[in-house]
Amino acid sequence: MTARHGLGLACAACSVLLVSAAQLAMRWSMTRLPGLGAWPQWLAAPPSALGMLVLGICGYAVSLVCWMAALNHLPLNRAYSLLALSYPLVYVGAALLPGLGGALSPGRTCGVLLILLGVLLVNARRSPPPAS
Amino acid sequence: MTWLLVAAVCLLTCAGQIAQKIAVSRWRGQTPSLAGRLRSPWLWLALASMGLGLLLWLLVLQRLEVGIAYPMLSLNFVLVTLVARYGFGEPTDRRHWLGVALIVAGVVAMGASA
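Residue numbers (our numbering), protein chains in the order written: chain A, 20 to 151; chain B, -1 to 112.
Treat the hints as calculated values from the structure; they're not laboratory data.
Yeah, the Cβ is synthetic: ideal placement off N, Cα and C, and Gly gets one too.
One or more of the hints may lead you astray.
So the derived list for chain A, only partly shown, Cβ under 8 Å to chain B, looks like this [to be verified]: (1) L55; (2) A57; (3) L140.
Please build the complete structure, drawing on both the sequences and the hints.
Spelled out as structure tokens, the structure:
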């Protein structure tokens, strides 16, 4: 593994962890805030919910920066395969962390695994053409 | 309504990525100044799509569990495949189509258990 490759993997790992945490934070805050149509009431919303929303959006923005850095150092297909890990991460995180109201179920677990496998297949490196 | 919002977020994300790709490809071979880059309409289209996508996404998160909604964004890979195949004429092999089918099946399974 080259240093450049290692740096790319580290950026991709940061991006995956950040985007997963950001999704959980945004969900946590949005279930505690009034609807967007009632935005004037947001001023009276609990500061923890607004703070978490800001943290979530900032985390999402930083994850995009890490993502672009990862794309600079890694082949596209490798990077996108790593991104797919965020799907099961968010699914399990939403179920295990308190206050998010997520639940694990066999049907959902199958769905996440199918999605993970699908993204890996879509981004699998094509096999080299057979030598003649 | 919730499913329409999810679909809109996927479409906006895909549009944002395509606009980003066009913006970057226009800069290739030259090194425009920051001001020059900021004059690119494609860059602004990309930013607008992503911003609107994020806003709609927050609406989705008020209605749907994130553990179900977030994996559905993988539909973006399906959209990008379709655009690459039919928009840009890039070749798509059988394994790629199998992956697309698995993603769609997975999203349907998630939706059914929502």
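Comparing the hints with the structure gives:
{"no.": "1", "hint": "L55", "result": "holds (6 Å)"}
{"no.": "2", "hint": "A57", "result": "violated (11 Å)"}
{"no.": "3", "hint": "L140", "result": "holds (3 Å)"}
In summary, the structure is inconsistent with hint 2 from the numbered list given earlier, while agreeing with all the others.
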